[in-house]
Each structure stands twice: as structure tokens, then as C-alpha cells.
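Participant: Starting from the known structure of chain A, fit chain B onto it as the hints suggest.
If you read the sequences in order, they're chains A and B.
Residue numbering for the first sequence follows my numbering, starting at 32 and increasing by one per position.
Residue numbering for the second sequence follows my numbering, starting at 32 and increasing by one per position.
Hint data in this document are derived by calculation from the structure and do not stem from the laboratory.
Any given hint might turn out to be false.
One copy or two, it doesn't matter: identical chains are merged, so the pair holds either way.
Think about it this way: if two alpha-carbon atoms lie no more than 20 Å apart in a straight line, the pair counts; the simulated SDA-like pairs of lysine to any residue are [what the hints assert, rightly or not]:
1) 228 / 143
2) 228 / 147
3) 99 / 221
4) 99 / 116
5) 188 / 218
6) 67 / 358
7) 327 / 298
8) 67 / 335
Here the structure is a predicted model, which means the values were calculated and not measured.
Number of protein chains: 2
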Amino acid sequence: VSLNLAFEEAPLRGSISFISQSGTLGNYLMLLARAKGYSFRAFVSSGNQAVLEATDFLEYFGQDEGTKAIILYLEGLQDASRFAKVVRNIVPQKPILIYKAGRFDVGVRAALSHTASIAGNDRIFDSFCQQVGLIRCYDPLHTFDMAVALTTQPLPKGKRVAIISGGGGYCVTMAEAACAWGLEVPTLDYATAQKIKEILHPFAPFPLNPVDAASDVRPMTYARVIDILMGLDYIDGVFMMIPFMFEFQLRSAAAIRELVDATEIICGLPAKYGKPILGNMIPRVSVGPALDLFQKAGIPFFATQDESARAMSGLVRYAQIISLAKEVPFSAEKPRFPRADQPIAYVSRVDPVNIPERD
Amino acid sequence: VSLNLAFEEAPLRGSISFISQSGTLGNYLMLLARAKGYSFRAFVSSGNQAVLEATDFLEYFGQDEGTKAIILYLEGLQDASRFAKVVRNIVPQKPILIYKAGRFDVGVRAALSHTASIAGNDRIFDSFCQQVGLIRCYDPLHTFDMAVALTTQPLPKGKRVAIISGGGGYCVTMAEAACAWGLEVPTLDYATAQKIKEILHPFAPFPLNPVDAASDVRPMTYARVIDILMGLDYIDGVFMMIPFMFEFQLRSAAAIRELVDATEIICGLPAKYGKPILGNMIPRVSVGPALDLFQKAGIPFFATQDESARAMSGLVRYAQIISLAKEVPFSAEKPRFPRADQPIAYVSRVDPVNIPERD
Numbered sequence: 032v033s034l035n036l037a038f039e040e041a042p043l044r045g046s047i048s049f050i051s052q053s054g055t056l057g058n059y060l061m062l063l064a065r066a067k068g069y070s071f072r073a074f075v076s077s078g079n080q081a082v083l084e085a086t087d088f089l090e091y092f093g094q095d096e097g098t099k100a101i102i103l104y105l106e107g108l109q110d111a112s113r114f115a116k117v118v119r120n121i122v123p124q125k126p127i128l129i130y131k132a133g134r135f136d137v138g139v140r141a142a143l144s145h146t147a148s149i150a151g152n153d154r155i156f157d158s159f160c161q162q163v164g165l166i167r168c169y170d171p172l173h174t175f176d177m178a179v180a181l182t183t184q185p186l187p188k189g190k191r192v193a194i195i196s197g198g199g200g201y202c203v204t205m206a207e208a209a210c211a212w213g214l215e216v217p218t219l220d221y222a223t224a225q226k227i228k229e230i231l232h233p234f235a236p237f238p239l240n241p242v243d244a245a246s247d248v249r250p251m252t253y254a255r256v257i258d259i260l261m262g263l264d265y266i267d268g269v270f271m272m273i274p275f276m277f278e279f280q281l282r283s284a285a286a287i288r289e290l291v292d293a294t295e296i297i298c299g300l301p302a303k304y305g306k307p308i309l310g311n312m313i314p315r316v317s318v319g320p321a322l323d324l325f326q327k328a329g330i331p332f333f334a335t336q337d338e339s340a341r342a343m344s345g346l347v348r349y350a351q352i353i354s355l356a357k358e359v360p361f362s363a364e365k366p367r368f369p370r371a372d373q374p375i376a377y378v379s380r381v382d383p384v385n386i387p388e389r390d
Numbered sequence: 032v033s034l035n036l037a038f039e040e041a042p043l044r045g046s047i048s049f050i051s052q053s054g055t056l057g058n059y060l061m062l063l064a065r066a067k068g069y070s071f072r073a074f075v076s077s078g079n080q081a082v083l084e085a086t087d088f089l090e091y092f093g094q095d096e097g098t099k100a101i102i103l104y105l106e107g108l109q110d111a112s113r114f115a116k117v118v119r120n121i122v123p124q125k126p127i128l129i130y131k132a133g134r135f136d137v138g139v140r141a142a143l144s145h146t147a148s149i150a151g152n153d154r155i156f157d158s159f160c161q162q163v164g165l166i167r168c169y170d171p172l173h174t175f176d177m178a179v180a181l182t183t184q185p186l187p188k189g190k191r192v193a194i195i196s197g198g199g200g201y202c203v204t205m206a207e208a209a210c211a212w213g214l215e216v217p218t219l220d221y222a223t224a225q226k227i228k229e230i231l232h233p234f235a236p237f238p239l240n241p242v243d244a245a246s247d248v249r250p251m252t253y254a255r256v257i258d259i260l261m262g263l264d265y266i267d268g269v270f271m272m273i274p275f276m277f278e279f280q281l282r283s284a285a286a287i288r289e290l291v292d293a294t295e296i297i298c299g300l301p302a303k304y305g306k307p308i309l310g311n312m313i314p315r316v317s318v319g320p321a322l323d324l325f326q327k328a329g330i331p332f333f334a335t336q337d338e339s340a341r342a343m344s345g346l347v348r349y350a351q352i353i354s355l356a357k358e359v360p361f362s363a364e365k366p367r368f369p370r371a372d373q374p375i376a377y378v379s380r381v382d383p384v385n386i387p388e389r390d
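Chain A on its own, in the form it takes in the complex (with noise of 0.2 Å):
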């Protein structure tokens, strides 16, 4: 069953349930989220929480089957060691992704004046989380992003990812985007490179990752690539963005049975080696079967560079906070992940309107 307790318009299914202490952000946020394509399980407005508050819904969302990632927009806390207690129960078993209110001042005096909400130190939310193992975001639509991701592939078992693309100028930017995020693109090693250089056209660069196919069309030659690149042991997850939705595809019977081929060969993939594949593609100029076998396949496909970096980053976060969790014995007392020495978030996206004096 979807729940929707807050608005009207019902959510797409899926396996996300989001809990918003504001309706009408909540609201805003999902179409927002439903304008990208993703889909939900469920979304509750908890509001002022006079009766029931956020962590009720997060215990009951825990315990429901249907949801793999929970999204929590918070303005404050009521109780803060209930929702330690419940948090704690569910990380191991489903990611929690949450923005909170209180980054700056003036945010902590807007949620007093919305919800009544007590932000709180931020510093110690930030520490908190660490220790709890929330994946907490700046950007409330950043949770959807990684959400998809977290609720569709494999998780990885490091931060090491490859690029495949037929064109040079994504490579580039998504090259940069995943470092940005945390990410690391190691070369490939010479025999690798030069077994897929015999797949790559003649003319295209020699293949160090970022693979640049040079506008290479033939749906096989990406199939064959990044099955190479899941197999390394030194490649935790792959980015695509592959000429598999353009019209031309679709150009005789021959070139679609390829297509096709070369999809289901990519959707086995995740499956096969346990690892994540996040792809790009242009909105609403993608065309052909292979948009529906990649959507079956729960491989997602996103925007921009900088949203399937940020998925893939959420990915590795959750794995890290995972593999903690297995390490070290639960308790109540003492915190179980370690806080970050230096919170750089609290100066990042600061700087570009920073001019210094002049001296």
C-alpha cells in the first residue's frame, strides 16, 4: 500500500518513503523529484508533530517490507535519544538520508519560526550523525539522488569508479564531478587498456579511463567495455552515458536486435559482478526499448554529472557505514562511527561570492 498522508496528488510506487516535518516543502520536493522520474513508496508530513512525530514514522518504515531507503527533512528533535535508539536499529538494514534545518542561523531562526522547531548546534548534529549513521545532506533534493541509487544497485566496495562514454566533454566533466564527490578514477592497466582498444574504434584515444568511445555508435562496443571494466578488481562501479537512446537506433530490425542485446548484456551486469552501474542521458529526448529495459533493470539514469557523482557517493557512504556497523559492537553509550576532525562541509559552495579585500 502507498501511503500519502500529506497532499493530494499521490506518489509513484516504489521504495522510497519520505518523512517531511513540512507538508508543503515535502510537496514541493517530491514534484520536484517526480519531474526527474523518480518514483516513492510513501510520504507523511509530520508538521508540528502534536501527536505523532518523525521518529514514529521511522520506526514504522523500518519495519516495513517495501521500503529500502528512508528520506527524513527535519527542522528539529523532540527526542533526541528515541530517535538515536530507532536510527541505530535500522541503519544496518536500509540507508537513512536526511536534511536538517540549523546549518546556519538564520535557518535555525527560520525553523523556530515555522515549527516551533529548537535546530540545535550544528556541529553536534553533525558529529551525531557520524556516530549514528545517517547519510546527511546539504541539499534537501541530494537524498532523492542518492536515494535512487541506493534503492536500485549493488553497494560498492570502495570509491574506485570507471567512465565510459562516447563523448570526450562528458568524460571530462564526470571525471571531475566524481572526484568532487569524493571518488577516485584510477587508470586502467596496460593489458586492460590495450584489450579494449582492439573494441574501440581505431581513431578513438587510447582507453585510460574516462573511456572515451569517440561517438562510436555500436551498441556491442559499450556491452563488451564495461563488462571488462566490472571485472577489475580495482573498479568498485561504473558511469555511463552510452548512444543507446537516440533515434537511430532504431534504423533497421538488425540495429535494434543489437540494441537490444547490448541492453540486456549491460542490465546483467550489477548482478554479476556486485556492482553499481549509474548512467546519464538527456531528459526527455531519449527514445527506444532500451529506456524501458535499463528502467526494469533498476539501472537509473540521471541529468546532470554532478547528480549521478553525488548517487554514486551516497552508494560508497552507505557501504562505509555498513561494513562500521558489522565492526563494532553495538552500544548504546559509546559512539560507533567516528566524527569527521574537520566539518569542511561548514565552508563548502561558501567561496564563490567571497571576493577577499584587496590589500
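Facilitator: Using the frame of chain A, we list chain B on its own:
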């Protein structure tokens, strides 16, 4: 005349000219930008720059009267000193926004592979941008959000903003996004807050800034409050998310008249006060005459709070560049713009996956 020297689809009419060193990526970015409703004057791809290079196109658009802002996607530079000279001549007249590959080593590697460009030392490039007054973005799409505001709204005198919405959650998240982009959200003085309080519903929270109008659907409320906010000497610009584009505003002739009157007032405020207004709205569910009137008046509406915040930060940044350019006489030898002492941009966004080792 609208130029399009790269791909088949003609960009919509506007005053932003976009020069991309990558044809495929440029086309991809154009499609993403157009899906957001942005329009362009020209799009050229300079490719591997065998004949004409990016600087030639830059020089052209610098003199083109129909171009009000220029966006560059670059993977490397051939003649940096000529580029610098051209940029310095253009910047006092119109803003130049740039995304350049090479922030990370792998981006350098990918750019070399793609267009044989030497991306160069990124810290040096960053200082270079500061010196010549280029607005550098770390995500190619950010250049578009900023350019839209720069081609439609007046430049602010400072970075202090007011926020108004019918939704408290928007107030919270918009305030946080504004701070994340280096803007300030000052508390209103008591007399002004009292004056605004009398316009709002009695149950609305006391207006401190953000002004939470508590689901007020009367258009004239927003017109009157925004007029007051724009007139304050300690407010340099306004963010608004207002219920003007909903179906229920069209319920009667009287309702439509109030809607149109209020919209007309708001449309006149940027010119009246010489300050920018940026809006947020939910794409594809907005209806009615306000949408069209705002568009004709050049008041841009963005989907997310992060987009509008960075658009405002682009306005603030360019205003700072212009004012420095006026103060410091031109000199080809000495830097006209200070370089950032702490390139904190290098660590931004890296934190989400960096859980430190446990001790």
C-alpha cells in the same frame, strides 16, 4: 541573428552566448538548460580549435550587442595572454562565466585525451580567474543559472537578501541555501517587521526575515510586503516563492484582477529600486497570467533553492568585479583582482564520502 554553429537544434532566443570546446557536451548542456526554460542567443563549438579558437568567438560576442552574458566551457587554453587581454576588455561591459576542466588530475588526463588540451595548473587558473574578473563555476550547469539572472536582473549593491514565501519550509531551506552561497539574511528592524505583520494573516509568525506568510494566498499581500522589503537600505535583493501560479488564483474575475495587479506591482520593483528579485516555482505545474507577465518582465524563476541562491551569488560576484574594475586602473602587468588566499573550493563537496578512519 541567432548563431548555431554546432548542432541541428536551434537554441531559443535570448541574450546568453555559449562557447563550448566540446560539441557533444555543449549540446547536452544546452538541452538540459533548455529543459529548465533558459534561452540563448548563440551556441558555438570551438572543438579542437584547429582554425578558430575560443578566444576568437569570445572577442566576437564581446562586441555583439545582443549578447549580455558569455558562458565558456574550456578544456584548455592556447594563448593565455591574448585570452586575458580579451577577457579584461569584455568584463567591465558584460559578465563572463567559465567552467574549465582540470580541477582534478583525472580531469586533466581526460581533457588531454579528448581535445589534446593542456589543462594546466588549476590553482594558477583559479588565481587567473580572480585577476581578470572571470566568474568560475565548478559545475557547468551553474554557469547557466547565473547567466539567466545576470541577463535579466539589476546588480545588487551588496549580498544581503530578504526571503518571502507562503511556505515555512521554503523559508528555511532558501535561507540555508543563501548562506551556503555566501549571502546574508539580515533580521528585519522592529518597525518594518511591525508594518509587515499588519499585512499578514494574524496567525502568521512574526516576520523576522525570512517572512513566512503562513499559506496566505492573497496576491496583494506579497506585492505589498515585497515592496517594503525592496525599499530597505539594508536589503540588496529578494527571493520569493509565491502562490501566484496555482489554479485556484483563476477562480473568478475579481481574483484574476487582484492577481494581475499584484503581479504588475512586483514586476516593476527591480527597476523601481535597482535591486534584483529571483523567484522559485515548481516547473510544469504552474499556470495562469502571472507566469507570462513575470517572464515578460524578466523576473527569472528557478526550480530549486540552490539554483536561485547560486544565481543571486553570481549577481553579487559580478557586482563586486565591476566595482573593483572601476576602482583599479587597467594594468596588463599587475593583477587587478586579488586572488583567494584559501582555495577552499578544492575541498568543497568532497566530504560526503570521507568518513575518517576510526582511532
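Participant: It remains to establish, for every hint, whether it holds in the given structure.
Facilitator: Structure-based check of each hint:
no.: 1; hint: 228 / 143; in the structure: between (59 Å within a copy, 17 Å between copies)
no.: 2; hint: 228 / 147; in the structure: between (61 Å within a copy, 18 Å between copies)
no.: 3; hint: 99 / 221; in the structure: neither (40 Å within a copy, 48 Å between copies)
no.: 4; hint: 99 / 116; in the structure: within (19 Å within a copy, 55 Å between copies)
no.: 5; hint: 188 / 218; in the structure: within (18 Å within a copy, 47 Å between copies)
no.: 6; hint: 67 / 358; in the structure: neither (37 Å within a copy, 45 Å between copies)
no.: 7; hint: 327 / 298; in the structure: within (9 Å within a copy, 46 Å between copies)
no.: 8; hint: 67 / 335; in the structure: both (11 Å within a copy, 13 Å between copies)
In summary, the structure is inconsistent with hints 3, 6 from the numbered list given earlier, while agreeing with the others.
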